[in-house]
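Enquirer: Sequence:
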Amino acid sequence: MQLKDIMTKNAKCCSADNTLEEVAGIMWNDDVGIVPVVDSENRLSGVITDRDIAMAAFLKHRPIWEISAREMIGGHSCHSCYAEDDVHEALRVMDESRIRRVPIVDDKLHLVGMVGLKDLANHAVSKGPRKSSQLTVNEFTDTFRHISKPNELQATA
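Quick note on this note's numbering: the sequence shown kicks off at 397 and runs consecutively.
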């Protein structure tokens with residue numbers, strides 16, 4: 397099954413000029429923990445998570461209304477998948493990058509949706525005839541365990 401079949405379409409996004417306060421407002425109003433950052437042509441530039449905002453507030457010693465999304469995404473890579481990719485590709489990207497959500501783009505890198513662990517879990521346990529391209533519950537739980545494992549600094553604290 398392709399990611400376009402399980403992704404959340406019309407994901408809320410922001411521009412690099414938005415402040416972290418505005419991004420936090422999007423998260424609050426739409427009950428999401430990640431906001432993709434796009435350019436003027438809706439091409440994916442990066443993402444900001446709720447954790448990114450908390451860490452910026454702590455480490456930059458500045459109010460979040462003074463910190464732009466541009467500051468947060470500059471120089472960082474952004475993992476994404478294509479809408480036509482198989483669901484296993486999103487699971488692979490999440491597993492290797494230890495991320496819980498991944499932006500979905502088209503062939504011109506325009507943001508077209510988001511896929512999170514919830515979407516993959518729902519797909520893995522969906523009822524009906526099982527297809528060879530469907531995730532198994534074991535594939536999903538193995539990835540979830542790996543993503544959720546504390547990093548070395550957290551494990552030793």
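What the hints contain is simulated information worked out from the structure, not anything from laboratory work.
None of the values given here were measured: they were computed from a predicted structure.
Do not rely on the hints blindly, as some may be mistaken.
[What the hints assert, rightly or not] Here are the simulated distance ranges between beta carbons:
| # | residue 1 | residue 2 | range |
| --- | --- | --- | --- |
| 1 | Arg458 | Asp538 | 36 to 44 angstroms |
| 2 | Val521 | His457 | 42 to 50 angstroms |
| 3 | Arg541 | Gly421 | 30 to 38 angstroms |
| 4 | Arg494 | Lys456 | 20 to 28 angstroms |
| 5 | Thr537 | Arg439 | 19 to 27 angstroms |
| 6 | Gly421 | Ser522 | 29 to 37 angstroms |
| 7 | Arg488 | Glu462 | 33 to 41 angstroms |
| 8 | Asp503 | Met397 | 18 to 26 angstroms |
| 9 | Leu455 | Met397 | 35 to 43 angstroms |
| 10 | Thr537 | Ala453 | 28 to 36 angstroms |
| 11 | Lys456 | Asp502 | 30 to 38 angstroms |
Beta carbons: idealized from backbone N, C-alpha and C, even for Gly.
Enquirer: All hints, please: hold or fail.
Expert: How the hints compare with the structure:
1. Arg458 to Asp538: 36 to 44 angstroms: holds (40 angstroms)
2. Val521 to His457: 42 to 50 angstroms: Holds - the Cβ-Cβ distance for Val521 and His457, about 45 angstroms, lies within 42 to 50 angstroms.
3. Arg541 to Gly421: 30 to 38 angstroms: Roughly 33 angstroms apart at Cβ, these two residues keep to the hinted range, so it holds.
4. Arg494 to Lys456: 20 to 28 angstroms: Check passed, 24 angstroms falls within 20 to 28 angstroms.
5. Thr537 to Arg439: 19 to 27 angstroms: With Cβ atoms ~34 angstroms apart, the hint is violated.
6. Gly421 to Ser522: 29 to 37 angstroms: holds (34 angstroms)
7. Arg488 to Glu462: 33 to 41 angstroms: holds (38 angstroms)
8. Asp503 to Met397: 18 to 26 angstroms: Between Asp503 and Met397, where Cβ atoms are some 19 angstroms apart, the hint holds.
9. Leu455 to Met397: 35 to 43 angstroms: holds (40 angstroms)
10. Thr537 to Ala453: 28 to 36 angstroms: Holds, at about 33 angstroms.
11. Lys456 to Asp502: 30 to 38 angstroms: Because 34 angstroms falls inside the window, the suggested range holds.
Comparing the model with each earlier hint shows a violation of hint 5 alone; every other hint is respected.
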